[in-house]
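J.: Position one of the sequence shown corresponds to residue 1 (the UniProt record's numbering), numbered consecutively onward.
Read the hints as simulated data drawn from the structure, not as lab findings.
Check each hint, because a few of them may be wrong.
[Stated by the list, open to error] Here are the in silico distance ranges between beta carbons for each label pair:
| hint | residue 1 | residue 2 | range |
| --- | --- | --- | --- |
| 1 | Q94 | D339 | 38 to 46 Å |
| 2 | P455 | R117 | 49 to 57 Å |
| 3 | G22 | E217 | 25 to 33 Å |
| 4 | E217 | E463 | 31 to 39 Å |
| 5 | S218 | P455 | 17 to 25 Å |
| 6 | Q229 | L147 | 35 to 43 Å |
Ideal Cβ positions, reconstructed from N, Cα and C, are used throughout, including at glycine.
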Amino acid sequence: MGAVAAGHSTTAEAARLILQEGGNAFDAAISAMLTACVAEPILASLGGGGFLTAHPVGADPLVYDFFVQTPRRKRDASEIDLYPIVADFGDANQSFHIGMGSIATPGFVGGVFAIHRELASLPLQRLFEPAIELARSGVPLNPFQHLIAQIVAPILRSTDTASRLWHASEEAGALPEVGALHHNPQLADLLEALQREGEALFYRGEPAQLLVRACRESGGHLLAEDLEQFEVIRRSPLRCHYQGAQILTNPLPSLGGSLIHFTLQLLEPCTLGRFPAASAEPLRFLARSMRQTQLMRQHPEAGNDLSHAASLLQAFQNRVAEGGISSRGTTQISIADRDGNLASLTLSNGEGSGYIIPNTGVMLNNMLGEEDLNPLGFNQWLENQRIASMMAPTLLMLADGRRIVTGSGGSNRIRSAILQVISNLIDFEMPLAEAVAAPRVHLEGGLLSIEPGLPAETISALEEEFPQQELWKQKSLFFGGTHSVALSSSGEVSGAGDERRGGVWLSA
Numbered sequence: 001m002g003a004v005a006a007g008h009s010t011t012a013e014a015a016r017l018i019l020q021e022g023g024n025a026f027d028a029a030i031s032a033m034l035t036a037c038v039a040e041p042i043l044a045s046l047g048g049g050g051f052l053t054a055h056p057v058g059a060d061p062l063v064y065d066f067f068v069q070t071p072r073r074k075r076d077a078s079e080i081d082l083y084p085i086v087a088d089f090g091d092a093n094q095s096f097h098i099g100m101g102s103i104a105t106p107g108f109v110g111g112v113f114a115i116h117r118e119l120a121s122l123p124l125q126r127l128f129e130p131a132i133e134l135a136r137s138g139v140p141l142n143p144f145q146h147l148i149a150q151i152v153a154p155i156l157r158s159t160d161t162a163s164r165l166w167h168a169s170e171e172a173g174a175l176p177e178v179g180a181l182h183h184n185p186q187l188a189d190l191l192e193a194l195q196r197e198g199e200a201l202f203y204r205g206e207p208a209q210l211l212v213r214a215c216r217e218s219g220g221h222l223l224a225e226d227l228e229q230f231e232v233i234r235r236s237p238l239r240c241h242y243q244g245a246q247i248l249t250n251p252l253p254s255l256g257g258s259l260i261h262f263t264l265q266l267l268e269p270c271t272l273g274r275f276p277a278a279s280a281e282p283l284r285f286l287a288r289s290m291r292q293t294q295l296m297r298q299h300p301e302a303g304n305d306l307s308h309a310a311s312l313l314q315a316f317q318n319r320v321a322e323g324g325i326s327s328r329g330t331t332q333i334s335i336a337d338r339d340g341n342l343a344s345l346t347l348s349n350g351e352g353s354g355y356i357i358p359n360t361g362v363m364l365n366n367m368l369g370e371e372d373l374n375p376l377g378f379n380q381w382l383e384n385q386r387i388a389s390m391m392a393p394t395l396l397m398l399a400d401g402r403r404i405v406t407g408s409g410g411s412n413r414i415r416s417a418i419l420q421v422i423s424n425l426i427d428f429e430m431p432l433a434e435a436v437a438a439p440r441v442h443l444e445g446g447l448l449s450i451e452p453g454l455p456a457e458t459i460s461a462l463e464e465e466f467p468q469q470e471l472w473k474q475k476s477l478f479f480g481g482t483h484s485v486a487l488s489s490s491g492e493v494s495g496a497g498d499e500r501r502g503g504v505w506l507s508a
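Take the sequences, apply the hints, and build the full model.
T.: Quick look at the structure:
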């Protein structure tokens, strides 16, 4: 049997159907990622990018990097279309920057075709079918997708084409309700053309020409060369060990996997399993490790490339023991097939730029407008570089023979969400569903955010060392969405869709 976990039941069902027809995990991943563009259109788009950590049976694991690339030419700040909108998260507001000047070179389409050429077994046309059919017939807007649409409503109303696609008007002040069908027939037409003509249509054909012209005339950066010369990069995964388990995750230049690796190295000597799972002691070590990882990133000997981090490890380990240191808009798909192939896929379109390529239904990313991805300020990025990301699709090989496929959405919370699932599985030997559902914490900028479900005495015990606390009233998408599946040594499957982000899991 196989299994799939994803952020939407429709995405998961598309993958399950492919597995049931005899497709492998990578066939299912392609079908799921295309379907996610229909069922989870704010989180996944042909205008964005992502990463696949793949472990084919009998072959070396590999990471496919099809994340977005900075343009080859940077226009002067006075020429670009880049402006803020305010997203309403309910308890807080946050500004995002959108417009033509926020668009980086998209890699999603290149990723689909590279994965199919090298790992898939079924014809491309079959893998495109579910997404094409659903884009025409419509997918009901579920509560989680409706929530995200409400948060980024100003983006969905920012251009006429986006407003028409989402039936969103400023006057009405409302978006389609939960249960309303979301159609995208123009995307269906594009997908049909892509399966016939190949990726060159997107990167050299009419969609590319329309995008480049819009950038030239309306304040964007992209040139024809950016699209024509985009390349999917294959990388060896970052390998690390923790308490007898092997972990494979996203390597540099993306930061998420390396930061998870560094934090696990800090935690290894603490032997968290000697404490009760929900007690203050392991959470104190965990929060300290998060703090030390933040400080390591600021250390003059480390920097974002982490190239000197190993030399700093011992000093930071001592501080953990002694005490007292892009990528929003993401969705995760985890798949294991009956033969043991594993696929962990994380996708992102940022929040979306507001610009939709005419007649395609494809909204482009706003990665050049992501504050997390532009720490030096907007328009300070280096030309023709992969943008660093916190996305970290991850595979675990546990000592008991189980293999876990996991990953998360959630911007800076991606690494803390994955880290806590790893710890719950390994240190506290929780079943997968329990490891995913357990309450999480996240430390950032001195503020310890705490999910409900921890004992009051645990929270009180943490307060002395971490006095700045935010106690959440309910589980939230803020803490990530670690949709995960497990394959035992005997071939039994299990899974967990993270309720924080509308997750489901299905067996096949």
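J.: Hint by hint, say whether it matches the structure.
T.: Results for each hint:
no. : hint                    : result
1   : Q94 - D339: 38 to 46 Å  : holds (43 Å)
2   : P455 - R117: 49 to 57 Å : holds (52 Å)
3   : G22 - E217: 25 to 33 Å  : violated (48 Å)
4   : E217 - E463: 31 to 39 Å : violated (56 Å)
5   : S218 - P455: 17 to 25 Å : violated (55 Å)
6   : Q229 - L147: 35 to 43 Å : holds (38 Å)
Checked against the numbered hints given earlier, this structure breaks hints 3, 4, 5; the rest are met.
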